[in-house]
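So the sequences go chain by chain: H and W. Throughout, our numbering is defined as the position within the first sequence, counted from one, plus 77. Throughout, our numbering is defined as the position within the second sequence, counted from one, plus 407.
Rather than coming from a laboratory, the hints here were simulated on the basis of the structure. A portion of the hints provided could be inaccurate.
As the list claims (entries may be wrong) - No more than 27 Å apart at the CA atoms, straight line, and that leaves these computed lysine-lysine pairs for BS3-like: (1) K285/H / K528/W; (2) K267/H / K285/H; (3) K285/H / K200/H; (4) K202/H / K285/H; (5) K411/W / K285/H; (6) K471/W / K453/W; (7) K471/W / K200/H; (8) K512/W / K535/W; (9) K453/W / K512/W; (10) K267/H / K512/W; (11) K471/W / K512/W; (12) K512/W / K528/W; (13) K411/W / K267/H; (14) K512/W / K202/H; (15) K512/W / K285/H; (16) K471/W / K285/H; (17) K168/H / K528/W.
To be verified - Covered by chain H, according to a simulated footprint, are these stretches of chain W (three or more residues, beta-carbon under 8 Å): (18) 500 to 508; (19) 512 to 524.
Quick caveat, the model's predicted, so the values are computed rather than measured. Here a beta-carbon is modelled for each residue, glycine too, at the ideal position from N, C-alpha and C.
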Amino acid sequence: MSIAADTRPTLRLSSPTATRELYLFIAILIVGAGFSFASPYFLTPINLIQTLRAALELAIVSAGMTLVIIMGGIDVSVGGILAVTAIVIGKSYQAGLSSFIVAPIGLTTGTLLGMWNGFLTTKLKVPPIIATLGSMYIFSAIMFIVIGGAWISGLPGTLSPLVNGTVLIIPASALVILVVYTACWVLLRKVPYGRHVYAIGCNETSAKLVGINVGRTKIATYALLGFLAGFAALLYVARLRNVEINIGTTVALEAIAATILGGTSIRGGVGSLLGTLLGVIFIRIIQNGLVLIGVSSLWETVIIGSLLIVVLTADALRNRNSPRV
Amino acid sequence: MVFKLSGIVKRFGGLVALDHVDFHVADSEVMALVGDNGAGKSTLIKTMSGAHFPDEGEITMLGKVMHFRSPQDAWQNGIATIYQELALAGKMTVVDNIFLGREIKRPRLGIPFLDLPAMRKRTEELLKQLDVHVPSIDSWVESMSGGQRQGVAIARALNMDARMIIMDEPTAALAVAEVRKVLDFVIRLREQGKSVVLISHNIQDVFEVSDRISVMRHGRCIAVRETRRTTPQEIIGLITGAHEVRAAS
Numbered sequence: 078m079s080i081a082a083d084t085r086p087t088l089r090l091s092s093p094t095a096t097r098e099l100y101l102f103i104a105i106l107i108v109g110a111g112f113s114f115a116s117p118y119f120l121t122p123i124n125l126i127q128t129l130r131a132a133l134e135l136a137i138v139s140a141g142m143t144l145v146i147i148m149g150g151i152d153v154s155v156g157g158i159l160a161v162t163a164i165v166i167g168k169s170y171q172a173g174l175s176s177f178i179v180a181p182i183g184l185t186t187g188t189l190l191g192m193w194n195g196f197l198t199t200k201l202k203v204p205p206i207i208a209t210l211g212s213m214y215i216f217s218a219i220m221f222i223v224i225g226g227a228w229i230s231g232l233p234g235t236l237s238p239l240v241n242g243t244v245l246i247i248p249a250s251a252l253v254i255l256v257v258y259t260a261c262w263v264l265l266r267k268v269p270y271g272r273h274v275y276a277i278g279c280n281e282t283s284a285k286l287v288g289i290n291v292g293r294t295k296i297a298t299y300a301l302l303g304f305l306a307g308f309a310a311l312l313y314v315a316r317l318r319n320v321e322i323n324i325g326t327t328v329a330l331e332a333i334a335a336t337i338l339g340g341t342s343i344r345g346g347v348g349s350l351l352g353t354l355l356g357v358i359f360i361r362i363i364q365n366g367l368v369l370i371g372v373s374s375l376w377e378t379v380i381i382g383s384l385l386i387v388v389l390t391a392d393a394l395r396n397r398n399s400p401r402v
Numbered sequence: 408m409v410f411k412l413s414g415i416v417k418r419f420g421g422l423v424a425l426d427h428v429d430f431h432v433a434d435s436e437v438m439a440l441v442g443d444n445g446a447g448k449s450t451l452i453k454t455m456s457g458a459h460f461p462d463e464g465e466i467t468m469l470g471k472v473m474h475f476r477s478p479q480d481a482w483q484n485g486i487a488t489i490y491q492e493l494a495l496a497g498k499m500t501v502v503d504n505i506f507l508g509r510e511i512k513r514p515r516l517g518i519p520f521l522d523l524p525a526m527r528k529r530t531e532e533l534l535k536q537l538d539v540h541v542p543s544i545d546s547w548v549e550s551m552s553g554g555q556r557q558g559v560a561i562a563r564a565l566n567m568d569a570r571m572i573i574m575d576e577p578t579a580a581l582a583v584a585e586v587r588k589v590l591d592f593v594i595r596l597r598e599q600g601k602s603v604v605l606i607s608h609n610i611q612d613v614f615e616v617s618d619r620i621s622v623m624r625h626g627r628c629i630a631v632r633e634t635r636r637t638t639p640q641e642i643i644g645l646i647t648g649a650h651e652v653r654a655a656s
């Protein structure tokens, strides 16, 4: 038997996500070339670094969203987690606490809110989209009750080097993204936990049968997304030094869009972090480029919405003949 | 006696699905379970595999009384059930499926990293043991034929150290050449000292691999025959109840 050799192609272009990643990469190049042609400001270091900073929070949240969607779940409340955590962070700063205390508080708050979602979907068996929709309403209500329509402003920017700084010539935000994605990649591909996430997304019955603790894995994954949303909230506060009333309103849908564009299957079981990162870059480049060439930002949502429909339709057509196992 | 059911009763409301069923399987034995639709075969294997809890009766394994609370519980006690729908994760590789839930780890810096080379090596050994041929151990299970998937599912059961393997209609919906292959898996399992319970509608398959045959009818185990000392005609007669008609006349 000749199965001894590692028969995997290095790029794994045979896998559907690798193909998607390649297409997405080409799309980014084409769109980027188009924008450079249309605007002299697009392909400048300052603009690209600004775009990267604007992508930071979305990129971090999307990494967690990818794991949740691969697991066959979804979390539409992640914007609410980000908002509530940002308020907790803002209030803690206002109470005079130092960043060394505020940062753990923020990360813990996000994690706990994520665990709450995991608890709803596993223990109370509420379908994830409904459970997290309910959470979203609760979280935004909390936000309005606490800050009552006003901004929390004048916060310290102690952590802002993580967003605005540079290490040698590399922007710190790029390094933060790199660290987050590497850590998530290790979790997803290099330790048993990731295999369990894929297995739950593929076939939950099978996962249970072989003794995987499905409930615990699910709660841990929602908690991880909450943790990352908490981290994003810390960076948000560091970047803007205030908490606005519209914080986090778009991040959940953008993160889901980036994940799906990146090749992760909405039905679970298939997906990759690299695809998601490319999806985030694609969304942010379109937004940035449209602003530069003076097109209303409304069109950006139309473009991303249409692309999602095209991508999901193409997937549905391709999968029409293959049974769901 | 490795596995024994005695006096098992299972009721669903007013319906008695299993009526004092006795059933036992020895080491290195292939026990076939046959019967018409609705005879109680499925209920019986669900009771064996932990999916149903019997209303009366006792399950013993190696002389110890067992109370399976769930299929997982039965799995962990060495009873692997390979269902028709197979319960494999389709969009995962052969290696991933075989080691799902019991990955080999090589911790570094306290992080339980997967030991992929070790898992690949063991996968090859298991597949060789069963003589399963797959295109690649890194391809998705979904892309494989029914027989290959049966092979992967059985390899996983072996890796879980299963003592008894229950196979529910393993040859249904398979191509002719694949049926041969799956029957070979059954024979190899017996060679390795495992007990096999084979549920099948195909009398020919049953006669080819089984040591004994249990016949179920109307929720009771009406006969156990040694395969060598019986004929397909007798078994079919028992399944359909022809012997009752003869006895009555």
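Original post:
Against the structure shown, which of the earlier numbered hints fail to hold, in ascending order?
Top reply: 7, 9, 11, 13, 14, 17
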